[in-house]
Every structure is written in structure tokens, then in C-alpha cells.
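Student: Below are the chains, spelled out letter by letter.
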Amino acid sequence: MKVEVLLFASLRDLAQSDRISVELAEDATVADLLISISTQYPLLEDRVALSRVAVNDRFSRSEDPIPSGSELALIPPVSGG
Amino acid sequence: MSNAPAPFRAQLVRSAIDVSSSTSWLGDPGCGAVLVFCGNVREKNRDQVVTKIEYQAYESMALAQLNQVVRSLVDQGAQRAMAIHRLGMLEVGETSVLLGISLPHRKVGFRLLEEGMEQIKKMVPIWKHEHYRDANPVWIDGS
Numbered sequence: 001m002k003v004e005v006l007l008f009a010s011l012r013d014l015a016q017s018d019r020i021s022v023e024l025a026e027d028a029t030v031a032d033l034l035i036s037i038s039t040q041y042p043l044l045e046d047r048v049a050l051s052r053v054a055v056n057d058r059f060s061r062s063e064d065p066i067p068s069g070s071e072l073a074l075i076p077p078v079s080g081g
Numbered sequence: 001m002s003n004a005p006a007p008f009r010a011q012l013v014r015s016a017i018d019v020s021s022s023t024s025w026l027g028d029p030g031c032g033a034v035l036v037f038c039g040n041v042r043e044k045n046r047d048q049v050v051t052k053i054e055y056q057a058y059e060s061m062a063l064a065q066l067n068q069v070v071r072s073l074v075d076q077g078a079q080r081a082m083a084i085h086r087l088g089m090l091e092v093g094e095t096s097v098l099l100g101i102s103l104p105h106r107k108v109g110f111r112l113l114e115e116g117m118e119q120i121k122k123m124v125p126i127w128k129h130e131h132y133r134d135a136n137p138v139w140i141d142g143s
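So the sequence lines, in the order shown, correspond to chains A and B.
The C-terminal position of the first sequence is numbered 81 in the numbering used here, with every residue numbered one higher than the one before it.
The C-terminal position of the second sequence is numbered 143 in the numbering used here, with every residue numbered one higher than the one before it.
Isolated chain B (complex conformation) (with noise of 0.2 angstroms):
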């Protein structure tokens, strides 16, 4: 038995997300591409503005379904995989979820990218409740 560690890695965290370490975790001599995707609290939606988004998470169910995503992406050939979701309070253009890959070619790291992201959005139990500078906060329905 391989006593390597586990090429994925799935997080749920409270304070900022380390976009750089993350970044140095999925570097592997083997990998030519590492894609790292951001998602950021924007400051617009649904014709609003926004001060901030709360994010809430059913957090064991969460933690293993972020886990699922990582690993189904390494099945589908990234070398490594990793999801870290924020929760509690963001401001605007603070980073609410990253999701990272590497694998020895950017062409296939695309889509699994786009993959796993749409998998986090639409299999991981996490809600924002967005609120706006001129009306009251709102949970967001997904998917």
C-alpha cells in the first residue's frame, strides 16, 4: 500500500482562502498546466448591489460531497484536485470558492474544470444570502 498523500483535497474554511498555497499544492513536475478557478463576491445581482454574502453550509454533507468533486476529477485524469469553500460573512471581491487542478496538459483541464465547478454548483449544500445596500437580504436559490 502507497503511503503518498491523497492527490485531492477538499476544505471548508472561515477566514480567507490562500489562493498561493493552494496554487503550490497542485504543482507536480508531471503537470504542464495547473488551472486555478476563483469565484469572487461581486458587487451586482439581480439589478442590486451588494454589500456583502453570508454563505452557509450543511457542513458534513458538504465537506463530502466537495470531497466527491475532487475525486471525480482526479479519476477523470488531473493529477491533483483541490476545493476549498469559504463560509460565514464575505465582502465584495473576497474569493468564495476556488477550485484547482494540474495535469500534464491545459486542453482536458479546461472542462474538468468547468465540470467540477458546475458539480459544486448544483451537488454541495451550501446557500449565500446576499445582502444590498437598498434592500433586505435575500437567500439565493440554485440549483
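Same shape as in the complex, but just chain A (with noise of 0.2 angstroms):
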């Protein structure tokens, strides 16, 4: 299946948009998508290695699926405040 990740901050800078399309196996893990972006966008691998994955507005754990037509986002280290 292709998903659609949302990007913020360095991560939107670096990919040059606000997000990316990645092509997943239909049982996919966050840590197979996490997998896929590096290997997909070698570009956004190094700070991939930082980031948190965003499942409908929650944080996941690595383990989670990821249901079809769910919103996805990449979340580099946060610095509100």
C-alpha cells in the first residue's frame, strides 16, 4: 500500500515539502515505515533515526500496525515551550 507521511520542521525543510509518499507492505509496523522512509528518502535518514511516529494524533509504539487510511506524521524531537 502507499502511504501519505506529514512532515514538520528540519524534516519538512530537508524533503522540501510538508510530506512524503511511501510505498509499505499491507501488514506494515511503524517500524517497518520508519525502515521504509530511510530507505526511500536517504536524505531524511538521519534525523528519521530521532523521530517519533504520530498514528492519528497519538504516539506510537514500534510495534503498532498501521491501519489503512490512517494520518501518519513524523515527529523530530519537539521544542515547544
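Note that these hints are calculated values from the structure, not bench results.
All residues carry an ideal CB built from backbone N, CA and C; glycine is no exception.
You can take every hint at face value.
DEER-style ranges, computed between Cβ atoms: (1) Arg71(B) - Pro67(A): 22 to 32 angstroms; (2) Glu63(A) - Arg71(B): 22 to 32 angstroms; (3) Pro67(A) - Gln48(B): 35 to 45 angstroms; (4) Glu63(A) - Glu91(B): 40 to 50 angstroms; (5) Glu91(B) - Asp13(A): 15 to 25 angstroms; (6) Pro5(B) - Ser70(A): 24 to 34 angstroms.
Fit the two chains together into the complex; they arrive one by one in their own frames, and the hints show the way.
Tutor: Encoded structure:
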């Protein structure tokens, strides 16, 4: 399946886009998504290693599945406040 | 079911945070302590002179996470809790974040306020893009 992943901050600047499209297996987990992003977008690889994934506005764990149609976001280290 | 307004409130705003009205909202006859923390844009960071900071958010999630922080503060004993984070470009001295709580006594309040700010800094997807007088802007890595 093909999924869209929202990007923010440094990731958005690196990709020069607010989202990327990622090819994934149907039963992919969050860990698989991170590997696929690094493979398909090598420019982001260093930052991906520091980032968390949000699925439908919630932080996910690496073993969580990626439900079809969910909103995905790559969250680099946050710095609000 | 009670029709009372929720005892917590979270907002993302693009104009100046109104500290005075936030403090008023927190006021409660049963509370002897109203604690409000304001985070302001500081003019120095990483040995650089900061001229302004742009705040960017993953807005839907940031609002959900801010709500979770203030809800948790109420669950832990605050009578009321409010969090406001500003987005967009801010000048030095402007308030970027406000976290306030009210409760009967101050001691627990100071601890809760600190915990709440820690949660905001770790769990809310907001990023600062610092602009400097003598260098290119940098995205700041936090937690």
C-alpha cells in the first residue's frame, strides 16, 4: 500500500515538502514505516533515527500496525514551550 | 449530568496570549492559589543573539496533547488548568506558552505546574525555528 506521511520542522525543510509518499507492505508496522522512509528518502535518514511516529494524532510504538487510511506523521524531537 | 464548563482548557493561538484573562478564568472561590507560568522568547540561546522565533505545530495533535496535559493536572488535584501555546513568528519578550492552574494550596501547585511544563516540552508536537542576528535560522531539537 502507499501511505502519506506528514512532515514538520527540519524534516519538512529537508524534504522541501510537507508530506512524503511511502510504499509499504499491507501488514506493515511503525518500525517498518521508519525503515521504508529511510530507504526511500535517504536524505531524511539521519533525522528519522531521532523521530517518533504519530498515528491518528497519537504517538505510536514500533510494533503498532498501521491501519489503512490512518493519518501518519513523522515527529522530530519537539521543542515547544 | 452536570452542565458545568470543563475545568480545563487548551488553545493554540496566533496572536498575543492574554495573561490577564487567563488568570481570571483560573480564579475559583475554593482556590487560595493561582499559579501561572509564562514562557517568553529569550534574546540569547546557544551563544547567539536571538531576534525572533517561529513556532510551527502539528496542530490537531498538539491541541489533543495540550488537552491531555491540562486534563491530567486536574486529575492530579488542580481545580482548573489552562494551557495556551502561541504559533507563528514571535519577537523577543513575547509569551510563547502559558500554563496555569488553580487549587486550594500552593505547594502541590508548584509541583504540578513543573510537571505540566515538562509534559508540554516532551509530548506536544510544536517546534521552534530560531532566528539569529549573526547566523542562519535553526530548527531547535528538544525532547
